[in-house]
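Once you have looked at the hints, place chain B on chain A.
Chains as they are written, first to last, in the working numbering: chain A, 8 to 192; chain B, 3 to 174.
Don't take each hint at face value.
Cross-link-like lysine to aspartate or glutamate pairs, in silico, DMTMM-like; alpha carbons within 20 angstroms at most [said to hold, decoys possible]:
no., chain 1, residue 1, chain 2, residue 2
1, A, K160, A, E148
2, A, K183, B, D104
3, B, K171, A, E148
4, A, K130, B, D152
5, B, K142, A, E122
6, A, K161, A, E148
7, A, K165, A, E148
8, A, K145, A, D135
9, B, K143, B, E126
10, B, K162, A, E122
11, A, K118, B, D130
12, B, K28, A, D112
13, B, K165, A, D112
14, B, K119, A, E148
15, A, K144, A, D112
Hints are computed from structural coordinates only; laboratory data are not their basis.
Note that the coordinates shown come from a computational prediction; the quantities given were computed from them, not determined experimentally.
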Amino acid sequence: MAQILTVISLFIFVIVGHWTYVSMKKNIPFFESDGQKLLYHTKLIAFFAVLAGFFYFFLYSFFAKWCRDGMIDNDWWLDGFYAGYSLVLFYGCFFIYLSIYYMIDRSVSSKMMIEIDKSANKKMTYNDLIAVYDVEKKYQEALDDLVYGGLIKKTDDKYYCTYKGAIIARLASLFKKGLKLGRGG
Amino acid sequence: MIYKAFIVSLLSFFCFCIFHIIIFHKLNIKHKFRTIFSLVALITVFDLLLYFSLTDIFFSQYALSKFVFFSNPILLYLLCLYFYHHFMIIIDRSVSIRMAVDIFFSGNRGLTIEEIKQEYDLYEKLRDELRDMTFIGRIKKEGEFYQNTDKGLQHARVFKFLKRFLHLKGAD
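Bound-form chain A, shown alone (with noise of 0.2 angstroms):
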């Protein structure tokens, strides 16, 4: 039970480390692709993920002597709660597998890469992988996954935010204003 409100804790300290910094520098760099700005991002988040482990111990021994002064470690819903601490661990590793195999499965990157070592002088332009890639339907199939996932729906030939579509474009909104991401996509 330490263990698991010491990491927490940590968890938040980044978090709010993270937010406060990018929201707090005036100078965000410019950044000429994508990747250097997950670049950018993924250090800063690293830096504050090391920076938070060095209070683990201070943190733990806190918790650890809360939990032993307090009626936590004795409350009937300890197993219910450990219970659920194994579903998340277990849900927390699929995440994991999923965002690989989807990796796998849809990451234009490695599509350009394995069509580049494919073709037949192992090199391409710009319009053969715009071919192999083909935009035009990226859009449609892109569309068609939203108003599958009941984001948006299609009225005539216009596309709709639904209620849950709304919900998420509003966080995912808040989530780039916040850590100054640009538009994105």
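Just chain B, lined up with the frame of chain A:
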């Protein structure tokens, strides 16, 4: 108890991986992600049944409890960081999220597919991906041609192998 929770979750995940590979190799699956989530629902039940049916005594062994004592916070911390980092990437890079945001800000007016294309240029996204891949040294540009670097070639071959192994399209 925390030792049991930790071991049971890893066992459940291991079972999930095994079943996932068996199912995708033996059956012709049409809805990949729906099948994966159905399997997760089944494993959730399995996880809870296993947790409540296993006795605590086995998990109190000294060596096992020491292992869990050190692994548990590390795993949990890494999972949380990975989740946050990946969540940020999805929000930033996802094509679907970007389209949903554009449609949301159009309000009651709505957007046609042509208007979406004007708001969000996927050709530019592809150019950006190529810039990224050049930046991280996966491809190089010679004249108007893009070529894989050694790193890019290894990447492509690993992904091709994984696509074949997981029965995903695009490897051949």
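For each hint, the structure was consulted:
For the hint pairing K160(A) with E148(A), the CA-to-CA distance comes to about 14 angstroms; that is within 20 angstroms, so the pair holds. Restraint check for K183(A) and D104(B): the C-alpha separation of about 13 angstroms stays at or below 20 angstroms, so the hint holds. A C-alpha spacing of about 16 angstroms is found between K171(B) and E148(A), which places the hinted pair at or below 20 angstroms, so the restraint holds. Between K130(A) and D152(B) the CA atoms are separated by roughly 13 angstroms; this keeps the pair inside 20 angstroms, and the hint holds.
Between K142(B) and E122(A), the direct Cα distance comes to roughly 14 angstroms. Compliance with the 20 angstroms bound is thereby established for this hinted pair. For the given pair, K161(A) sits about 14 angstroms from E148(A) by alpha-carbon distance, which is consistent with the 20 angstroms threshold. With a CA separation close to 15 angstroms, the supplied pair K165(A) and E148(A) stays within the 20 angstroms bound. Taken as a hint, the K145(A) and D135(A) pair is honoured in the structure, with Cα atoms around 16 angstroms apart against an allowance of 20 angstroms.
Between K143(B) and E126(B) the alpha-carbon distance is near 17 angstroms, which keeps this suggested pair within the 20 angstroms criterion. Pair hint K162(B) plus E122(A) holds up; C-alpha atoms about 10 angstroms apart against a cutoff of 20 angstroms. For the given pair, K118(A) sits about 15 angstroms from D130(B) by alpha-carbon distance, which is consistent with the 20 angstroms threshold. Restraint check for K28(B) and D112(A): satisfied, since their Cα atoms lie roughly 19 angstroms apart, inside the 20 angstroms limit.
For the proposed pair K165(B) and D112(A), the alpha carbon gap of about 7 angstroms is at most 20 angstroms, so the pair holds. This hinted pair checks out: K119(B) and E148(A) have alpha carbons roughly 13 angstroms apart, not beyond 20 angstroms. Note on K144(A) and D112(A): the hinted pairing holds, with a Cα-Cα distance of about 17 angstroms set against a maximum of 20 angstroms.
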